[in-house]
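Asks: When you get a sec, could you build the whole thing from the sequences and use the hints?
Quick note, the sequences are listed as chains A and B, same order.
Here my numbering is used: the first residue of the first sequence is 1, the next is one more, and so on.
Here my numbering is used: the first residue of the second sequence is 1, the next is one more, and so on.
Please keep in mind that the hints were generated in silico from the structure rather than gathered at the bench.
Think of the CB as a built atom: it goes at the ideal place given N, C-alpha and C, for glycine as much as any other residue.
Treat the hints with caution; some may be incorrect.
Okay, the calculated bits of chain B under chain A, using three or more residues with CB under 8 angstroms as the criterion [to be verified]:
no.: 1; segment: 62-73
no.: 2; segment: 76-85
no.: 3; segment: 90-102
no.: 4; segment: 118-125
no.: 5; segment: 140-147
So the derived list for chain B, only partly shown, Cβ under 10 angstroms to chain A, looks like this [claimed, not checked]:
no.: 6; residue: Gly-105
no.: 7; residue: Tyr-109
no.: 8; residue: Phe-137
no.: 9; residue: Leu-151
no.: 10; residue: Arg-159
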Amino acid sequence: MSPLAASATVGSPILNLAIFVGFVAFTLFFVIRASRTNTGAAQMYTGGAAFSGRQNGIAISGDYLSAASFLGIAGAIAIYGYDGFLYSIGFLVAWLVALLLVAELLRNTGRFTMADVLSFRMQERPVRMAAAMSTLAVSFFYLLAQMAGAGGLVALLLDIETRLGQSIVIAVVGVLMVIYVLIGGMKGTTYVQIIKAILLIAGASLMTVWVLAESGFNLSSVLGDGAAAGAALEPGKQYGLTETSKLDFVSLSIALVLGTAGLPHILMRFYTVPTANEARRSVVWAIWLIGLFYLLTLVLGYGAAAMVGSEKILAAPGAANSAAPLLAYELGGTILLGVISAVAFATILAVVAGLTITASASFAHDVYANVIHRGNPPEGQEVKVARRAALVIGAVAIAGGIAANGQNIAFLVALAFAVAASANLPTILYSLFWKRFNTRGCLWSIYGGLIITITLIFFSPAVSGTETSMFVNSDWSWFPLKNPGLVSIPASFLLGFLGTITSKEHLEVKAAEMEVRSLTGAGAHKEVAEH
Amino acid sequence: MVGRRAPLAARDRGMRRARDPQGVSVTGITAGLRGLVAPSEETPVNGPADPAPSPVNAPHTPEERAAAYVKVSESPEFHHLRTKYRGFVFPVTIGALAFYFLYVGLAAYAPGFMSEKVVGNINVGLIFGLLQFVMVFGVTAIYIRYAQRVLDPAATEIRTKMEAEGLR
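Replies: Here it is as structure tokens:
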């Protein structure tokens, strides 16, 4: 342990802990209030679709602006400069796909899960099974990233340097998230996300204004100071070294921009509003808030480089992920560090709770109720299964988070985006816009996209063979790119096309109904009432 | 619209759907949050207990319903809506993605151009990145206007007509 790392533990662990506990108590209050009406599947999964577009839009931004956005992007910009900014831009432009092509149509044709839409006109059971598998896979990768972020963050804030201590913290985060989900369901989770979004955007705005004020509100000089400290102003510091790394950059950019509209926990949020109109308003609110936040990351990242310094950030426990908290300490000392850390902690809790509810809903609603019981589960059992699934998912997330502790969380989230863009987005777009699309195309695209993406990640240098891999000491990589999107996304589109045209199944009549419903909102909800 | 929601409630197997009338309790600290976290007033979940009665000639069998939907999908009104929708979102999505990938491509393969300084330390790459934000905000604003002026009235007209014919 270098002296730098030892001295990088900052702030007062007791104060930080007190703010954490305060946040948990504050949010639990809302979650318990929410639990009063938390009975039945509709309440558990979508809060009874009772949220307004504005509420849901704020909650979406709370769900979307994960620890990867706050800690990961600020860190990536502080270390690499301009290349880190790609995450912000890709994550934002992606929302246009969700706004223009997916949100409203999805709201009009589904009720609880992504599979509602995909299986609308297909052979229901195999398609639901496939959609549930990819939902679980994406949620798992995303959860890993958040849990790993929790480990690093708490390492910094509570002065816990041992692996065991960090693992215990990850376990505590996992237990809390399951408690939120079990008590509050989607409604309680939404409250947590709304509160967290407000705190996060307020906290980031405060820090941004503070950084700018320190330099006389001169953006150029913030950038210049950051660049002097190592955060490049030119593109290419992280990805410009070789032809392979440039391709990696392009590959990452594709996954970022196409992944959002395939993220199951984001899609599910469109069901928490009563109409497609409210779904549109949700996305518009989300775009404004998310766009504002990502503008702030630019100042935060270069500000962290300028005021803290890249070397000190990299030497801190949690490495690049510590940039934002260290900047807070530099600006406002112990108190601001405590506040910003609580915000980051809130961020992680809110996102993991959203992921857990999505994954458990998919298992209970798609696999249990519709695949196993063919749409007629025993009375009251579906919600019980969802609750048990949340427990299992919590356990898996804790174990995975402990294993992934120390990985760059922006990168882990990018992998989740790659899986979502490959396995989910092609089938969603085909379902909504291509009448000929059928069951085989759907299955080929989902399973093909899933298998190709995970295989390519497993055999990539991100997993083995280089100093920054998960496994440093062995090398089984043969795929040159860390980001599989460049190959896996086109492959999945192609598989969906090939599967469809090689199958004799024609579903054009049902497709006509789906199209009418998706565009007009006619019969929204009604189809589920008839099952 | 409210009546359409009733079957949903019916399906939820006797679950208690009554909303907490107070929403979230208001203490001094939480007052500011109330409007944000309390369920919205303008989006009621519970409709009247009984949906409006269907017209006598409403489609009953799945075959009749499917045929009715196909008929709607082939109507000129629906063709108009679909053309207006796709005519906007397809080119705009493609254009937005093209602009994004142009930025990505320049960052990866023309770093010299992107590093050209324009004002102070602000270079072409940064301006290009910020223009992506402008593009996203601009497209969002234009789409809302378009949807409200063109798409929503067309969709509502078709939906109202379908509901009048008992197709819901």
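Asks: Next step is simple, just say for each hint if it's right about the structure.
Replies: Against the structure, the hints come out as follows:
Against chain A, the segment 62-73 of chain B contributes 6 residues with a C-beta closer than 8 angstroms to a partner C-beta. That satisfies the three-residue criterion, and the hint holds. Under a criterion of three residues with beta carbons nearer than 8 angstroms to beta carbons of chain A, the stated coverage of the segment 76-85 of chain B is upheld, 4 such residues being counted. Counting residues of the segment 90-102 of chain B whose CB lies closer than 8 angstroms to any CB of chain A gives 6, which reaches the minimum of 3, so the coverage claim holds. Counting residues of the segment 118-125 of chain B whose CB lies closer than 8 angstroms to any CB of chain A gives 6, so the stated coverage by that chain holds, three being the minimum.
Counting residues of the segment 140-147 of chain B whose beta-carbon sits less than 8 angstroms from any beta-carbon of chain A gives 4, enough to reach three: the coverage restraint holds. The closest approach between the C-beta of Gly-105 (chain B) and any C-beta of chain A is roughly 7 angstroms, which is under the 10 angstroms cut-off, so the hint is satisfied. Contact between Tyr-109 (chain B) and chain A, as hinted, is supported at the beta carbon level, the nearest pair being about 7 angstroms apart and thus within 10 angstroms. Interface restraint check for Phe-137 (chain B): the shortest CB-CB distance to chain A comes to about 6 angstroms, inside 10 angstroms, so the restraint holds.
The interface hint given for Leu-151 (chain B) is met, as the beta carbon of that residue sits about 8 angstroms from the closest beta carbon of chain A, less than 10 angstroms. Because the smallest distance between the Cβ of Arg-159 (chain B) and any Cβ of chain A comes to about 5 angstroms, under 10 angstroms, the interface hint for this residue holds.
Of the numbered hints given earlier, the model fails none.
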